[in-house]
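Protein chains: 2
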Amino acid sequence: MKLPQAVEVTEVGPRDGFQNLQTRIQTEDKLCIIDGLAECGFKKIEVTSFVHPKASPQMDDAAEVLRAIKNKYPSRFKCTILASTLSGAQLALDLGADEIAFVISASDPHNLENTKNTVEQSLYALASLCKIKGKALVRLAIATAFSCPFIGVMPSKNVMRLLEAGMTAGADEVALADTLGTANPLQVESLLDLLIPHYGNNIVLHLHDTYGMGMANVITCLNMGITRFEASVGGLGGYQFAPGAAVNIATEDLINMLHMMNIYTGIDNDKLISTCQTVERLLKVTLPGHILRSKRTAMIK
Amino acid sequence: MKLPQAVEVTEVGPRDGFQNLQTRIQTEDKLCIIDGLAECGFKKIEVTSFVHPKASPQMDDAAEVLRAIKNKYPSRFKCTILASTLSGAQLALDLGADEIAFVISASDPHNLENTKNTVEQSLYALASLCKIKGKALVRLAIATAFSCPFIGVMPSKNVMRLLEAGMTAGADEVALADTLGTANPLQVESLLDLLIPHYGNNIVLHLHDTYGMGMANVITCLNMGITRFEASVGGLGGYQFAPGAAVNIATEDLINMLHMMNIYTGIDNDKLISTCQTVERLLKVTLPGHILRSKRTAMIK
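So the protein sequences, as listed, match chains A and B.
All residue numbers for the first sequence refer to the numbering used here, where the first residue is 1 and numbers rise by one.
All residue numbers for the second sequence refer to the numbering used here, where the first residue is 1 and numbers rise by one.
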C-alpha cells in the first residue's frame, strides 16, 4: 500500500450537514458548532452556502454566519462557501469568503434540478466568477460525479469534460462528489486513472457512505495519491434527518483511520468527538458516525 | 487494483448475530431465518455454536438447530459450527457438522476469558479434534487477531505463531477475526504480508465495522488476493443489541460492493435483503446495515 504522509480534511458539516436538517437551526447554535470545529484544528471549514433561500431555507442566514465567522477568525482557518450562482458567490466574496465551492452536476438533468441552470449556463457563471474572484480560490464541485438519479452510472468522460471546461473557465481545483453514495472502489480507481495524470494535485474527494463503501473508496484514493478529502462531523447530514439524502463520511471516523495508519492530519480527534456531542446536544440529533455509535454502546455498558 | 473474479462469503449471522442478542430467540425463528439464508445461495452458513450454555444461553438449542438443518438440507450448503472445546466440537461432528470453526484467541488472557483455557490447552484440544474430524473441515478461528482488550494491538508474530501451531495440530485453514474492530488497512496489509506466503489460500477474514474500517479492510484484503470472507446478515450482532459487542460487516453491503465491482459471489442479494426484513420482523430488531438504512429512508420518503 502506498500511503501519503499527510492528508488535508475539510470539514463540511456546517454546510452539507446543516442544509439537510429539516428543523430550523438557530444561527448562534451554528456559530457555536463552528467554534468547536475551529478548536479541532481544521484548516478549512465549509461554513454555509449562498443559495436561494427557497432552495435551502436552513441557509438563509448565510451572510450573518459568514460575517460573524470572519469577524471572529479572520485567518485561523479558510472559510469555504458553497454557491451555484454568480450572485451567491459574489455576495460570499464581498463578505470575505476565502474559497468558493461552485457546484455543477456532471449531468444536465441533475444540474437543472439542483441549480435551475443547464451545465452550460453554470459553466458561464463559473467563468464570470473566476474573473472577479480576486485572491479567493474557486473549486469546481462536481455533483453526481459517479452516478446521477436521472442517467444512472456517470460515464467518466462526462466528468473529464466538465472538469476540463471548468479549469478552462478558470477554476483552481475540483471536488468530485459521490452525491448518491454509489461509487465503488473500482469505479473510483477508473475515474481517477483518467483524471490524475492531468489534475492530480487539484483533486479533492467528497465521498458518501450511503451503501457502506465510503471508507473503502478513501483507501483506494489514498493508494492513488489523493491527499484531500471532505467529510462531515459525526456524519451529520443524512438519512435520519432528510429522507433520501446521502450519508456523509463521518469526519472523526476518517481522521481515526488516517491516524491509525500514521497519516498526519493536524486534527485533534478527541476534541472533534467532543464537538460531535455538542452537535447532538444543540441540534437534538443522534449522529450516525461509527465511533459515536461505539461510544454510546460503551456508555450503555 | 487487482481484484479476484470470485469471492466466497460465509454467512455467520445465525451464530455471531444470534449469540449477541439478549432476548431469547425461538428455535423455529432461527430455523426460519436459516431457511431464508439458504435460499440466497450461500455455500456455507455458520448455523450455531456448541459452547457451554452458561457462556451462551442463546445457543443452548445448538443440537436441535443442527439436527433440523442437516435433516432438511443434507447437502445444499455446508454447516459450520463454532466450538471452543473438544467435547462441543465432537458433539457437533456427531450430529453431522461439515466444518468446525475452533476458536482460540491470539492472546492468553482473552482466550482464558473467552474459553476458560490457556492458548496451549486450546491447541491441545484442537490437535485432539483434528484426529477425530473425519471428513469434516477444521478451521482455526483466531480471535483478537488484530487487537485484544488486555494487551492492546496484537503483534503479527503472535498470530503467525498461533497459526503455525494450529496448522501443525492439523487444522485445515484459518480465519482471522478482528474481534474489536480496530484493524486498519495498513495493519491488515502488514499481517497478510507475513501470512500469505505461507498460508495464502487457507486464510478467511472475519472483519468488523465497529469504527467504520470494515469495508476498507475488505478492499485491502481483495487487493492482496484474499477471496474468502465471513459476514453477518444485516450486520446482526452488534452495538444496539449487546452493549460493547463489535459490529459485524453486513453481508448484503459486502455482496453489493463485490457485485458492483463485477466479482462473482453466487448470492442473490435481493433475496438476502428480503431475508434481512424477515430477521427484523422475527427478532424485533432494527438492523444496522447501510443498504437497509438507506431503504428505510426511501420508505419514509
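Rather than coming from a laboratory, the hints here were simulated on the basis of the structure.
The beta carbon of each residue, even a glycine, is placed where N, CA and C say it ideally should be.
Do not take every clue at face value.
Unchecked claim - Capping the alpha-carbon separation at 20 angstroms, the derived lysine to aspartate or glutamate pairs in EDC-like fashion look like this:
| hint | chain 1 | residue 1 | chain 2 | residue 2 |
| --- | --- | --- | --- | --- |
| 1 | B | K72 | B | D94 |
| 2 | B | K131 | B | E120 |
| 3 | A | K72 | A | E113 |
| 4 | B | K2 | A | E113 |
| 5 | A | K284 | A | E113 |
| 6 | A | K2 | B | E189 |
| 7 | A | K54 | A | D98 |
| 8 | B | K271 | B | E120 |
| 9 | A | K2 | A | E189 |
| 10 | B | K2 | A | D98 |
| 11 | A | K2 | B | E120 |
| 12 | A | K135 | A | D94 |
Unchecked claim - Now the in silico label distances, taken between C-beta atoms and shown as ranges:
| hint | chain 1 | residue 1 | chain 2 | residue 2 | range |
| --- | --- | --- | --- | --- | --- |
| 13 | B | P149 | A | N201 | 52 to 58 angstroms |
| 14 | A | S274 | B | E64 | 44 to 50 angstroms |
| 15 | B | E28 | A | S274 | 26 to 32 angstroms |
| 16 | A | R76 | B | M160 | 55 to 61 angstroms |
| 17 | A | N201 | B | K43 | 42 to 48 angstroms |
| 18 | B | H259 | A | E164 | 52 to 58 angstroms |
| 19 | A | I196 | B | M160 | 32 to 38 angstroms |
| 20 | A | Y73 | B | G152 | 53 to 59 angstroms |
Stated by the list, open to error - Cβ-to-Cβ under 8 angstroms is the rule here; a few derived chain B residues that face chain A:
| hint | residue |
| --- | --- |
| 21 | L3 |
| 22 | M213 |
| 23 | T220 |
Each hint tested on the structure:
1. Straight-line distance between C-alpha atoms of K72/B and D94/B comes to about 17 angstroms, which keeps the hinted pair within the 20 angstroms bound.
2. Between K131/B and E120/B the alpha-carbon distance is near 17 angstroms, which keeps this suggested pair within the 20 angstroms criterion.
3. A distance of roughly 36 angstroms separates the Cα atoms of K72/A and E113/A; the hinted pair therefore is violated under the 20 angstroms criterion.
4. For the suggested pair K2/B and E113/A, the alpha carbons sit about 38 angstroms apart, so the restraint of at most 20 angstroms is broken.
5. About 30 angstroms separates the Cα atoms of K284/A and E113/A, which puts this hinted pair outside 20 angstroms; it is violated.
6. For the hint pairing K2/A with E189/B, the CA-to-CA distance comes to about 11 angstroms; that is within 20 angstroms, so the pair holds.
7. Annotation: proposed proximity of K54/A to D98/A is violated, straight-line Cα distance about 25 angstroms (limit 20 angstroms).
8. At most 20 angstroms may separate the alpha-carbon atoms for a hinted pair to count; K271/B and E120/B exceed this at roughly 43 angstroms.
9. Proposed proximity of K2/A and E189/A is supported: the alpha carbons are some 14 angstroms apart, at most 20 angstroms.
10. Distance restraint check for K2/B and D98/A: the Cα-Cα separation of roughly 40 angstroms exceeds the 20 angstroms cut-off, and the hinted pair is therefore not satisfied.
11. Note on K2/A and E120/B: the hinted pairing is violated, with a Cα-Cα distance of about 38 angstroms set against a maximum of 20 angstroms.
12. Using a Cα cut-off of 20 angstroms, the hinted pair K135/A and D94/A holds, with the two alpha carbons roughly 12 angstroms apart.
13. One distance hint, 52 to 58 angstroms for the beta-carbon pair P149/B and N201/A, is violated here, with the actual separation near 42 angstroms.
14. At roughly 49 angstroms, the beta carbons of S274/A and E64/B sit within the given window of 44 to 50 angstroms.
15. With their beta carbons about 47 angstroms apart, E28/B and S274/A fall outside the hinted range of 26 to 32 angstroms.
16. Between R76/A and M160/B the beta carbon distance is about 48 angstroms. The supplied range of 55 to 61 angstroms is therefore violated.
17. For the hinted restraint 42 to 48 angstroms between N201/A and K43/B, the CB-CB distance of approximately 46 angstroms keeps it satisfied.
18. A hinted range of 52 to 58 angstroms for the beta carbons of H259/B and E164/A is inconsistent with their spacing of about 32 angstroms.
19. A C-beta distance of roughly 36 angstroms is found between I196/A and M160/B, which places it inside the suggested range of 32 to 38 angstroms.
20. Separated by about 38 angstroms at the C-beta atoms, Y73/A and G152/B break the suggested range of 53 to 59 angstroms.
21. Restraint check, L3/B versus chain A: the minimum CB separation of about 7 angstroms is within 8 angstroms; hint holds.
22. Using the Cβ-Cβ criterion of 8 angstroms, the hint placing M213/B at the interface with chain A is satisfied: the shortest such distance is roughly 5 angstroms.
23. The interface hint given for T220/B holds, since its Cβ lies 7 angstroms from the closest Cβ of chain A, which is under the 8 angstroms cut-off.
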